[in-house]
Every structure is written in structure tokens, then in C-alpha cells.
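Asker: Below, each chain spelled out in residue letters.
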Amino acid sequence: MWDYSETVKEHFYNPKNAGAVSDANAVGDVGSISCGDALRLTLKVEPETEIIIDAGFQTFGCGSAIASSSALTEMVKGKTLDQALEISNQDIADFLDGLPPEKMHCSVMGREALQAAVADYRGEVWEDDHEEGALICKCFAIDDVMIRETIRANNLSSVEEVTNYTKAGGGCSSCHEGIENILTEELEARGDTFEPSAVGKKEGVVRLNPGKKEEAPATMTPVQRILKIQEVLEGLRPALQADGGDVELMDVEGKNIYVKLTGACNGCQMAAMTLGGVQQKLIEVLGEFVKVIPHTERPVEIAGA
Amino acid sequence: MADIYLDNNATTMCDPDVVQELMPYFSEQFGNPSSLHSFGNKVGFAIKKARQQVQKLLGAEHDSEIIFTSCGSESDSTAILSALKAQPERKEIITTVVEHPAVLTLCEYLETEGYTVHKLKVDSKGNLDMDEYASLLTDKVAVVSVMWANNETGTIFPVLEMAEMADEKGIMFHTDAVQAVGKIPMNLADSKIHMLSLSGHKLHAPKGVGVLYLRRGVRFRPLLRGGHQERGRRAGTENTTGIVGLGKACELAMEHMEYENTAVAEMRDRLQEGILAAVPHSFVTGNPENRLPNTVNIAFEYIEGEAILLLMNKQGVAASSGSACTSGSLEPSHVMKAMGIPYTAAHGTVRFSLSRYNTPEEIERVIEAVPPIVAQLRKLSPYWGDNGPVENPEEAFAPVYA
Numbered sequence: 001m002w003d004y005s006e007t008v009k010e011h012f013y014n015p016k017n018a019g020a021v022s023d024a025n026a027v028g029d030v031g032s033i034s035c036g037d038a039l040r041l042t043l044k045v046e047p048e049t050e051i052i053i054d055a056g057f058q059t060f061g062c063g064s065a066i067a068s069s070s071a072l073t074e075m076v077k078g079k080t081l082d083q084a085l086e087i088s089n090q091d092i093a094d095f096l097d098g099l100p101p102e103k104m105h106c107s108v109m110g111r112e113a114l115q116a117a118v119a120d121y122r123g124e125v126w127e128d129d130h131e132e133g134a135l136i137c138k139c140f141a142i143d144d145v146m147i148r149e150t151i152r153a154n155n156l157s158s159v160e161e162v163t164n165y166t167k168a169g170g171g172c173s174s175c176h177e178g179i180e181n182i183l184t185e186e187l188e189a190r191g192d193t194f195e196p197s198a199v200g201k202k203e204g205v206v207r208l209n210p211g212k213k214e215e216a217p218a219t220m221t222p223v224q225r226i227l228k229i230q231e232v233l234e235g236l237r238p239a240l241q242a243d244g245g246d247v248e249l250m251d252v253e254g255k256n257i258y259v260k261l262t263g264a265c266n267g268c269q270m271a272a273m274t275l276g277g278v279q280q281k282l283i284e285v286l287g288e289f290v291k292v293i294p295h296t297e298r299p300v301e302i303a304g305a
Numbered sequence: 001m002a003d004i005y006l007d008n009n010a011t012t013m014c015d016p017d018v019v020q021e022l023m024p025y026f027s028e029q030f031g032n033p034s035s036l037h038s039f040g041n042k043v044g045f046a047i048k049k050a051r052q053q054v055q056k057l058l059g060a061e062h063d064s065e066i067i068f069t070s071c072g073s074e075s076d077s078t079a080i081l082s083a084l085k086a087q088p089e090r091k092e093i094i095t096t097v098v099e100h101p102a103v104l105t106l107c108e109y110l111e112t113e114g115y116t117v118h119k120l121k122v123d124s125k126g127n128l129d130m131d132e133y134a135s136l137l138t139d140k141v142a143v144v145s146v147m148w149a150n151n152e153t154g155t156i157f158p159v160l161e162m163a164e165m166a167d168e169k170g171i172m173f174h175t176d177a178v179q180a181v182g183k184i185p186m187n188l189a190d191s192k193i194h195m196l197s198l199s200g201h202k203l204h205a206p207k208g209v210g211v212l213y214l215r216r217g218v219r220f221r222p223l224l225r226g227g228h229q230e231r232g233r234r235a236g237t238e239n240t241t242g243i244v245g246l247g248k249a250c251e252l253a254m255e256h257m258e259y260e261n262t263a264v265a266e267m268r269d270r271l272q273e274g275i276l277a278a279v280p281h282s283f284v285t286g287n288p289e290n291r292l293p294n295t296v297n298i299a300f301e302y303i304e305g306e307a308i309l310l311l312m313n314k315q316g317v318a319a320s321s322g323s324a325c326t327s328g329s330l331e332p333s334h335v336m337k338a339m340g341i342p343y344t345a346a347h348g349t350v351r352f353s354l355s356r357y358n359t360p361e362e363i364e365r366v367i368e369a370v371p372p373i374v375a376q377l378r379k380l381s382p383y384w385g386d387n388g389p390v391e392n393p394e395e396a397f398a399p400v401y402a
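Taken in sequence, the protein lines are chains F and U. Per the working numbering: the first sequence ends with 305, consecutive numbering throughout. Per the working numbering: the second sequence ends with 402, consecutive numbering throughout.
Derived by calculation from the structure, the hints in this document are not laboratory data. Watch out, some of these pointers could steer you wrong.
Unchecked claim - In silico lysine-lysine, DSS-like type, Cα no more than 27 Å apart, as pairs:
| # | chain 1 | residue 1 | chain 2 | residue 2 |
| --- | --- | --- | --- | --- |
| 1 | F | Lys138 | U | Lys337 |
| 2 | F | Lys44 | F | Lys79 |
| 3 | U | Lys140 | F | Lys9 |
| 4 | U | Lys140 | U | Lys85 |
| 5 | F | Lys44 | U | Lys379 |
| 6 | U | Lys379 | F | Lys77 |
| 7 | F | Lys291 | F | Lys228 |
Since the structure is predicted, the reported quantities are computational estimates derived from the model, not experimental observations.
Pulled out of the complex, with its shape left as it was, chain F reads as follows (with noise of 0.2 Å):
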């Protein structure tokens, strides 16, 4: 059985706004049949303000269309057409405390069924961008035709690489044969042949001072340390803000740096892959082994202990 939230249960059992609105001036069909999944979304649109006054909703699908159908209309309703097509996937999903990987496409299909809509309320053509393969990484909900795209787009050949561009592969690594499959045919198609290595790539694998035993370190004071760590976390925070997330150094204990992540790194499925990064980029540069962990997850101290 599925891992549905709460929300997503409430939203399937007594779905909002189900039906079509009576007098709608827009309309939005998307889906596909053959996958089990497909939406009509009608909304009213007061042509003054461009206000969505009501939207409704039908859905052939599974729990999660449904859900995500029914918060889709609670989310439009008295937004402007504008604020609407802001609404992202992830938001739709987030309204609904989360879905599952393999079902994030049922978010999708609503936003996609909004777009439908106002392109059909200001007489636009809306052109689907949208294709959909097999999910491979069940972690990060990545498909096969993301991945070949993402593989002919950069010239990939190794699953690291495909796993730094795309994500996929980078949990607990069981799609790897896979993304191996596909790499073998991407590879065939442009006259290459995929050379993988049995127990992952060597290369990126941090050598500690090969040779030089400790030197680094040793040469540091904890200050010096704290004040390189901190260097360190300043050079990455750009990247991060980037994507509307943060790092803060909380607390160095000897090979333990505990940072705080916030915005969208907090609690963010790639927090943990951020995390990874930062502890590589921490480990080069220190050339000593450490450990980043979240300030969330730091023992709590029992005051006398």
C-alpha cells in the first residue's frame, strides 16, 4: 500500500470542488488514458479582474489524482489568472503534505491542467512539453526519458555522471542496473560502448594527503580550523541561496561540523545530498576526514550528565 498523508487521504475520501463548474469560461484537459491518469479542469474566470471565482474538477485516477485534483481547485480559487500559474508541482504536493515518488506525476498533471486551463481561457494554443517514461530512481522520482534526455544533452557516459545531473541513482543506488541499461543504449546510439567499473568510479574518491600523513591538520590551530571551515561554507552558500536554501556553521567538535540548512534545503529530499557536498567540498579542503551533520540531528546534552 501507499505511504499517503493524512491530507492526501482527507482530500480523496471528501474531495473538494468534485464535478464540473456549471458556467465555466475556461477549460484544461490533460492526462493520458493509457498511464490510468486524466484530469478536465473548469474554472470561472471574472474577465475584469482575470479572478478565479470557482473551479471544478474531474478525475479518472488513482488516490493521488484525486487528492491532487481536489487541492489543486481549494489552491486557485480567488487567485488572479497570474498568482494561479504560479503554483508550482511541488507546491501542489506540498499543500498536500507530501506524495509519494512514484505519484508526484499526479502533481504535475495539475499543474499542467492549470496552464491547459488559462491558455484555453485567453484563446493561447497550450503546448504539452510533457513526456513520461518509466520511473527509474524511485528516490528522487526520476524517469527514463529524463534521463536519456539529460545523457544526450551533456554527453554522459558513466552513472555518476548521470547521477550528478540528474539525481537519479544518488539514493540507495538499486536503479543502478538500470541506469546502466540505458546508458548501454545511449552510448550504442552515438557509436560509444559503456565501460562501466564493478564497484563505482575511483575517480572522485577524496585521497587523504596521499603521502603527506596528517600535515594539513597538524599545521592548523582549532581557530585556523573553525575559520577554514567557516571559508569553506561561505564559498558554497552562493550556490545555495541560488536555489532558495542556506548553510549556517553551528558548532565544530572534532571531526563533527554541525551546520543549520534552511529555505528550501530544509527537510528538502536533496538535503541530504547537500549535506554530502558539503562534507566532500569540507574534506578537500581540510584534508582530514569530517563529518557535516544537520544541527537538528546533535545529541541533546542532559544538564549534570
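Since the structure of chain F is already known, use the hints to place chain U on it.
Answerer: Here is chain U on its own, set in the frame of chain F:
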């Protein structure tokens, strides 16, 4: 009120008598059956007894034809890979498009290894084309693997006849009988079936135990090599509790075979008739004239199966569906697709599979519960109008990336 379990093709409740029989083999009877001392010896005899109980249910000629494995999938893989290994000059496999993934996924993998896999097609009722089958039986074929009964629709395949045809041409015949054992009387000694797979948990034994029946004289190459267990044909210390439990379950299945084919079949028929009478635009998939006594698969048009299951589950009724969403894939059941069931119905198929533990009262409750659920979901469906499907449903609602 207790929940109603109608998903016995997925797994069954372990019979209380089976549990009682196997419990001592967790504690006082803990010995390794290979050991010479009394601790091991008693367990060795228990396994011997279980082997005979399985032999009797299958109607096998010798008890040494029974090889205990860990599950149905292991038995399927062992059988097919053994046939390929033993006859390296033969590079073709015949199977069907409606097999269980235990066979189908393995065959698709073997295709990437250079084997040719012929998948027999089915008609709209799920029946095979025997002429097509006959035409494929050549000396290039290493093994034929055809399920005895389909897990989704219950449709029964003519495996006895197909085995005769293969045997005549000197081709190995394997059947995945996971759904059939315990529901269809068998007498393998009189058949030309060379290998057969079964799974304990489908017939009220515990999970984690299966059997490969291997006819005496059929060439064999083990999947797991190592110790001498199962006469060297399946290495690894025996799952003694599972095996003892399976033996008892086979004995009980023999006792209940008639009940299964009369009382259980009657309940199934009543369920089918009750639902079809109350729900318009629903129909039975597969071949109702020739199917397992416990299974009925009903397609509810214009709605989706996972949504049906979730609402049924809320009412305490457990069943399963061939919709894409219940499996996490993008395609509806390969079985429904193979039979040419349209997408608007294939996604809305629900399989009800009964057991000897169900009661007529339960069936009446399910007949009451299902129609309002279907009606509720149809109200949400873009294909459904006020009192029935919209006119020309496929044209009235044709979403952008259909």
C-alpha cells in the same frame, strides 16, 4: 465487524493447523536435518513426511521428484535456467504474454543474453492459440514455460495437452502452477509435465517455502550449488518450519479440494452475479467458462482501480487491481492489455479471490459495499455524465497527451 479478505491469489492465511504443526520446529525440534544425531534425525523424518504430503497432492510418482525451494519465483528461475544450462545448443524459450513476472521478467532478461523468447498471444478471453504453439515447437527450443492458471483472471490453460505436445517433440515443459495447486486436482504421474513450480503461501502454508517438481529422468542443473541438501539439487540448509508447514497444508488442500470446487465456487459465482446485477457498465474479464473456482476479475468502466481499492479498504474489504497505479508502473496490467481490454476499463479491473475461510454472509456484505463505491467514483469521472457514460466517451474527453 471483521474485515473481509478477498485477496487470496496474493497470499493466504496460514491455516491454524499448519501453524500448530510447524511450531515445534522453531524450538524443541531445532536440529539440522542433515545431522546424524537424534536432534537432526527427527527433523529429517519430518521433512520426509512433508515431501510425501506434497507428492500426494501433486500426484507425483516418486517423492524424490519434490525439491523444496524458498518460493515460487525460485522454482521458476531454477526450472528455466536449468533447461538452458543443460541444453546449451538450444537458444529458444516459449512462454505466454500473460505469465507472472517471475517468468516474464526472467525471460526478458534472457533476451538481452541472446536467447529468443516466443511469447504466445491470447485472445479477448485470455485463451491461447494452440496452432501458433504447435508451429513454434522446434528442436531449437530449450523449454516451454506456461502457467497452469492465470493469477489475475483465473483463466486455466491447457497445460496437460501442451505438455504432451512438447514431450512428443522432446522439448522440456515447465508450468508455473502457483495459483492452481490446491485448487485443481492433479496427477502429474499421468501427465507429460516435466517441471512444475508451486508456492506455499498460496495454499495456506507460510511464506518463504516453495517446491520445484522435477520428473525423474529430466536433465537438471542446480541453481544453488553447495551442500547435498535436496540430493544436491538445491543447496542450503532446509527451511524446516516452512517445509513441515507446507506438507500439512498440502494434506489439508487434498481434504478441501471438493469444498474449494463446490462451496467456494458457489460463493464466487454469487459475488459475480450480485455485482454485475447492481453495477452497470461492468464486465468479467478472462474466461468465465474455464477458470479457477475462487477467482473473479471484474472491470468497472470509466474509473480507476486504486481508487476503488482504497474506498473498499475503508469499508473493510480487501481485494486487488490491475491498474497501473497500484503497481507504481505507468501501464495497466499486462494481462488486461494482452486481452485487448480498453484502457478505460483495464485501469478499473478488480480481482476478487476467495478461500475456504470466506462465508456467504461476507459475500453479501461485499455485494452491498461495491456499487456505491463505483457510483461515487464515477461521479468524479470525466467520462461519466448524470446517469451514465457521456456520449462517445473517448471523443468527449480526449486529453492533450492521450
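Asker: Now tell me if each hint is right for this structure.
Answerer: Evaluated hints:
1. F/Lys138 to U/Lys337: At roughly 25 Å apart (the allowed maximum being 27 Å), U/Lys337 and F/Lys138 satisfy the hint.
2. F/Lys44 to F/Lys79: Holds, at roughly 11 Å.
3. U/Lys140 to F/Lys9: violated (54 Å)
4. U/Lys140 to U/Lys85: holds (14 Å)
5. F/Lys44 to U/Lys379: holds (20 Å)
6. U/Lys379 to F/Lys77: It holds: about 21 Å lies between the C-alpha atoms, which stays within 27 Å.
7. F/Lys291 to F/Lys228: The hint holds at about 15 Å.
Hint compliance for this structure: hint 3 alone is broken.
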